[in-house]
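**Student:** When you get a sec, could you build the whole thing from the sequences and use the hints?
Chains as they are written, first to last, in the working numbering: chain Y, 6 to 420; chain C, -3 to 423.
Only pairs whose alpha carbons sit at most 30 Å apart, straight line, appear in this in silico DSSO-like list of lysine-lysine:
1. Y:K120 / C:K334
2. Y:K362 / C:K105
3. C:K109 / Y:K340
4. C:K168 / Y:K419
5. C:K405 / C:K334
6. Y:K76 / Y:K126
7. Y:K243 / C:K130
8. C:K423 / Y:K120
9. Y:K180 / Y:K72
10. C:K53 / C:K164
11. C:K109 / C:K197
12. Y:K243 / C:K168
13. C:K408 / Y:K76
14. C:K130 / Y:K419
15. C:K168 / C:K235
16. Y:K126 / C:K419
17. C:K235 / C:K405
18. Y:K243 / C:K146
19. C:K210 / C:K109
20. C:K125 / Y:K284
Calculated directly from the structure, the hints in this document are not laboratory data.
Note that the coordinates shown come from a computational prediction; the quantities given were computed from them, not determined experimentally.
The chain contents come next:
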Amino acid sequence: MSVPFQRHVLSNGLRLIVHEDHTTPLASCNVVYNVGSRDEHPNHTGLAHLFEHYMFCGSRNIGNYDKPLQKIGAINNAYTSQDITHYYIVLPANNIETALWLESDRMLELAFNQKELDIQKSVVIEEFKETSLNRPFGDLWCLFNDFVYENYPYKWLPIGKEISHIQNVTMDMMKDFFYKYYRPNNAVLVVSGNVYFTEVIQLVEKWFGSIPQGSSPSKNFSVDEPQETAKVLEVKRKVPYDMLMKGWKMGPRLDPDFYAYDLLSDLLGTGQSSYLYEKFVTEQHLFTDISASVTATNGPGIFVLSARPADGINLVDANRQLNDYLYQTPIFDDKLDYHLQKVKNRCESCLLNNEIKMENRSSILAVSETISKIEDFDNEIEQYRDVTTDDVLRISRFLLQEKNDNTLFYLAEKD
Amino acid sequence: MLDRTIAPPIHDFEPFVLPQPSSVQLPNGIPFKLFINPHLDLIHFIIRVKAGVFFEKQKNVAAFCYSILSECHPSLSANEFDGKLDYFGATLNLSVGFEYVTISFIVPKTNCKNAFSFLSEVLISPSFKEESVKKQKEIKIKNWEYSSLKTDIRANRLMYNAFFGNEKPYGKIIEISDIQSITPELLTEFYHDTFSAPNIKVYATGNIDDELEKHIATCISHFPAGNRSMTTPQIIFPKLPPKIVDYWENAMQTSLVLCRPCLSYTDQEYFDFEILSTFLGGYFGSRLMQNLREKNGYTYSVNSASSYFADQSVFFIETEVNNDNVDYAIEACFTEMKILREQLADEEELNNVKQFILGSLMRSIDGTIQYMKKYIGWEDYAMTEQSFYDGIAAVQKADVQLIESLANKYLKEEDFTTIVVGKYPSK
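**Tutor:** Here you go:
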């Protein structure tokens, strides 16, 4: 990352990052809390995401969060991942103080209204149905994560494992969650756009400075033992065709080898000129699509491969051929050098493209500072450029071993 | 002592200043517009071709034809083409709408010359190979099978089918047979009919110097000149039934669309109507969002919007609700329309809507890429940036009486058709 920024840490532990961009009339205000679905109890999944909804239901001194933002022409939203909860506002820069006023009051304390909680539970249950139940393959990732992770709390997704977990949330649970995780010392605030560092510090000290800090929440998660043998799961659902999902556990986002893993996934399964696409889609016509990716998580990630079989192809047979290729033969040929340069070039373009919009830069800064510190992501382009063919061969040998394989056969139920 | 109950002072919007693109007409007649941004080393191109589904003689030809262009390089395989684009660090996106095809191309400045020349090769002489068409059919059939199991997509398809009818290809609901019947010959014919200068406009933004501009202009000059300009069909919307129900026994939720024919983008009431639509379902504070989501928790999302065509539009409200709450949701939509017809909105709400729209307008022109996209939208309807200023003026001028009078004109229950896809009735 090459985004210029300045940092100021408040006495209550809130980390403020300011990124000035005077080419835009807009500003962005991002608040990231270092809490996600991995911080949940296995019997109370979906709580972090429900809490994100509840953050819009009024705070101690401000009954309605949205209206003041509407009055200044702002947009706002939020999302919850397995690691973090991210709130953001994009607004005309001359009204940045309104955003800081609102964010500080809900960091101070929420209104904790039972009726609002009941409504948001219903909204989230409808969201659960819309995203997980009322569409083909809606539970695919839910099953896959639960299958790949043995203990690590990435076993479930932010939306939650089941609707009953959301139904069973109580106000006491919400309050405990707030006072444990929504403290300034567990948050990062980023202000970007047409703003000035010194002025922002003054405003942030004014609105956030007196918010009491909390204790530091522990991040000791249950861990998975190293995998000893390959695993297979087969499910049948009312879907129009079969899907194959394969996963190999890899390191977290801050693993020094992350960049090599990411490029390995591009080499194998991004685009039509990738190794797996050429072999299994174009040459052998076993699949109609195949793709590879990595989950860039703070905790242990997954190297994912997904594929859709061609008509008339038996998924188990296709998987066997895929395994033969991955485990029995050298994957890469003498053109690896060229292909590696190709995926690096594309990756560099993507990184630059992501940083064009001010609000995207603001988000990247906020998330990076929450994961560790922004400096850890300095010169990402250089980090990708430095990956060598030897690195690719080394990590592919280490990762793609049959004993590390987790295969999910998601099969279409025959009528 | 800080009083947190008092909001900070609100400052007015600062004046908008719209930049002017430089514009050249190339020898073959293609307009080429440049939005220079010396800080942007990723060059963004948008090529607009009047080749959308309105112009196809057979269902699915337009979407098929332009979406497989990346497989149609005259001498390279799809894999080789894709690999070379990647090597340039370039991204190619192809999308097909009712009227226009959008070819979006992003490439680092350092590779821009070679990459644009390379892209031009496929645009000038695409080869629709039997093998690629066969492969794409299989993929498209699988995608069709997937989307045909989604209630929201079904509701959307039923809406356009109701307005456009089964007589024209663009009105028909796509079936697997429409995908199977595509041939390389059909695609070649459609491409040659549409990809020619009278139907093409090219836009670019980024750090484009004179030499690069000259090179791109030369490439575009080699696009086929042609002499046939596509004419958008005149569409007369039929009288629709009040309700269309598609029963799905296994649906976990029901998708709802309430729709009506409405005014065009160039209508003098366009901006005023957009304010009304925002009131009803166009932002988080809208009447429908407050009623269905924030008051009752019946939906994750509800919104209203318009789909604009050359001389008219379709206005629609869409949401997904629990099967048991469908009747309430339909009733709520009509109740909120009735309230807008019969009761004056309060000034504070109007002010919120106005500010929301002004903020949206501001965001829509922030940065040259955004501005270029906005500008293209104006050009599609033969408008200029003046419409932007007209929009601001209309928003600033609107009063609560205007909202009530527009609601009486455009939000009458009898003008709407309700489309329901799901387990309805639920018992």
